[in-house]
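With the hints as your guide, set chain Z onto chain F.
There are 2 protein chains.
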Amino acid sequence: MLQQRQQVLLNTTRKLLRKNAHIRLQHIVEHVHPADVAALMMFLSEDQQDIVFGLLGENARKAEVLSYLEDAITERLLDDFSVNDIAVILQEMDDDDAADLLANVDEEKAKQILRLMGREEREEIEDLLSYEDDTAGGIMTTDYIELKPEMTASEALVAVQREGEEPEMVFYLYVVDDDERLIGVVSLREVVQAPGETLIESLMTRDIKKVRTDTDQEEVASIIARYDLLAVPVVDAENVLSGIITVDDVIDVIRAEATEDILKQAGVSEELLDDYSVRRNVLSRLPWLLATWVGGIIVVSLIGQYEEALKKVLPLAAFIPIVLGMAGNLGSQSATIIVRGIALGKVDVNHLFATVAKEGMTGLVLGCFYGVLLGAVAFAQYSDIPRLGLVVGLALSSGMFIAALVGTLVPMLLHRIKVDPAIATGPFVTTFVDITGVVVYFHISMMLL
Amino acid sequence: MLQQRQQVLLNTTRKLLRKNAHIRLQHIVEHVHPADVAALMMFLSEDQQDIVFGLLGENARKAEVLSYLEDAITERLLDDFSVNDIAVILQEMDDDDAADLLANVDEEKAKQILRLMGREEREEIEDLLSYEDDTAGGIMTTDYIELKPEMTASEALVAVQREGEEPEMVFYLYVVDDDERLIGVVSLREVVQAPGETLIESLMTRDIKKVRTDTDQEEVASIIARYDLLAVPVVDAENVLSGIITVDDVIDVIRAEATEDILKQAGVSEELLDDYSVRRNVLSRLPWLLATWVGGIIVVSLIGQYEEALKKVLPLAAFIPIVLGMAGNLGSQSATIIVRGIALGKVDVNHLFATVAKEGMTGLVLGCFYGVLLGAVAFAQYSDIPRLGLVVGLALSSGMFIAALVGTLVPMLLHRIKVDPAIATGPFVTTFVDITGVVVYFHISMMLL
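So the protein sequences, as listed, match chains F and Z. Numbering follows this note's numbering, with no gaps: position 42 of the first sequence is 42. Numbering follows this note's numbering, with no gaps: position 306 of the second sequence is 306.
The shape of chain F in the complex, shown without the other chains (with noise of 0.2 Å):
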């Protein structure tokens, strides 16, 4: 439904760009939410994108658009524009979204647009840039209501009520002591169904779930997802308040980082969604590839020095790329059930014995299982070579054996020592493999042949 209607936004748009009917384009721009606008400009060239951007009118809604906007479109669009055309925009936007933007724009002109704000915002802004990205000070928010332990309900309504439409999220309200540091929460509905002279104090839970600014993003998703929040405060080293993250901004979190999983496990960069240029894509895929070349070589000449294992019985060849592909494949299965595992807190990696012992279980039986099943076709196929049946398959069964253990023991080893287990899934555990099974598999053979 959403594919299908951003399709049809996509080719009208597309038919009008054709036949430059700018108008009607321009009504139809005007009138779709700002997400899709964003989500549309992706499909777009650059000429197109600039035409599209120029049709959104007021400054409001160009805001709105370039809050929803990838990072690249953003960067390359206010290329073109000037510092005071930056800075009006800015103005209209949540000051998160004023920071993300302020962050793809180059350093000299940041600070040319930053001169020209008033003096709150301004500092609000610097302080937001000063976070590392991906950590909790990197998206958080600082629009929030601040309530105070000795006001009343009705006061604290009074307090809403004068905020007017900016904070993002006003479903909880958090309360500070007179130093800033935060001290209870409570939710707009708990204010509105007390009675008026009920004090914030008794009415607020003092139990909070709340990160630090240095937290990472992973870490936040993680807290927001198990606990059900819809927002969770971030506190600075004092537990002094200094913003809060909405859970809208941690699901993109939770996508980003699936999909940098997911990208690493074939060995991709994550940018290369955005920004699917030709060129980039050959930059980013050719040092992984190179991993899996390296050990290629490896393998290329290791089977040069069993040479004469290899004259004498010529289809041994024909089987190393089975025994390689299903340990290979075995490993990366491994691999990818132990990080996934890792990442959703599945996996108990304190007890590396316990899941080595099981994988390997499973490897073993596995291994066992078409090990048989391959020793039997070879038995079938060569009954001129008789022992061949026995070589392949056990070469089959101790190659996927290995590599369960490898791909369970090197994602459980990178967490420990507080790499990201993720790369374990790339192109390493499978070369690691392929070298080792060579081995194993010749070293089968020249015993039994």
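Read the hints as simulated data drawn from the structure, not as lab findings. Some clues are possibly wrong.
Claimed, not checked - Straight-line distance between alpha carbons at most 30 Å, and here's what the computed DSS-like set of lysine-lysine pairs gives:
#, chain 1, residue 1, chain 2, residue 2
1, Z, K346, F, K15
2, F, K19, Z, K346
3, Z, K346, Z, K210
4, Z, K418, F, K15
5, F, K148, F, K209
This is chain Z only, laid out in the frame that chain F set:
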């Protein structure tokens, strides 16, 4: 932080269980968040799970923990419970969680439990149970607040006050006409901020993002994520408001779908992470490995047919793994990029040719690069067979080019015929690439050597 706390909780629990220190353990499980208890349960043995669950005390607490628990564990725990016990716990739950729980109880027992409940609650739950699991109806809740357009803001506030604590989400209030058809939505903030006599009709937004009861849950997640919503209303075919879906339920959907895609990439089924026994593990992975095995057998017999060529130039055998490995890797990369791109709406699925051309170009560039590199290595290593370098280089380049085309085309065509493109990242593309790779390799070698 979350993981460390989790680990401390797990270690303490295990220690207290070993010492049979149940009173101290009870003190702990009564005071941590129910989501933490649910996460803890995953790492305990069945006997330990029974003990911890028994220590939870009040039914309200049990209900909370159950609403966070994995289905497999819930199912097992409730097996030992009487119909009455379950009915009592169910009364403490939100109706969507209650319906989910009943779906995990065997049918006969579920019927008996429903008979024990009040009429209104029973009808609501029966209604929820009638929807497919993975549709909007299957994940929605019926706890929401309805307003009428002719109410004033103060009357609306009174309605909210009357509701008590039950509705999960009162940030959005839904406006329905006399036939219960959804005509608008207004936020609690807007109601609080408006003068008391304002009509809801004039406050509400009529342009509502909504979904149908039969909308796929992935679609619901995409809509909530794209438009940054905290909840989305669910209507039936007549636009009658049937329920709402809150963003926290959607986060679970997004995580589950990402996990599914990640595991599918390695040919592993999703339930594996929840019920991790060797038996399940083997059975889940066996069929997928079969695809690789069958492909491998085809490759074995293909190589067998080229035995004459191999006999003449034995070093050809040494280069088979690297040619197939590199092509397979590149093919998986292409498939992964396209599959994830389609899932995130970042690939223009209607422009097959443009996408295939881009990926094909990338495959060609990478293929030529690594082809030349491999050719050089082969030439250096086997200077007595001067044309070997040309053969392996050409084979690698064409293999990688074909892999990029196949890896792009297969998911796009699957998407077009409405089959989940994610299966393309499994063993099928690599197997196909292996087979074509061998044929191309030996054809080139027979032409040139």
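Comparing the hints with the structure gives:
Note on K346 (chain Z) and K15 (chain F): the hinted pairing holds, with a Cα-Cα distance of about 20 Å set against a maximum of 30 Å. At most 30 Å may separate the alpha-carbon atoms for a hinted pair to count; K19 (chain F) and K346 (chain Z) meet this at roughly 25 Å. Our distance criterion of 30 Å between C-alpha atoms is met by K346 (chain Z) and K210 (chain Z), whose separation comes to about 23 Å. Distance check on the hinted pair: K418 (chain Z) and K15 (chain F) sit about 26 Å apart at the alpha-carbon level, within 30 Å; holds.
Restraint check for K148 (chain F) and K209 (chain F): the C-alpha separation of about 19 Å stays at or below 30 Å, so the hint holds.
In the structure shown, no violation is registered for any of the earlier numbered hints.
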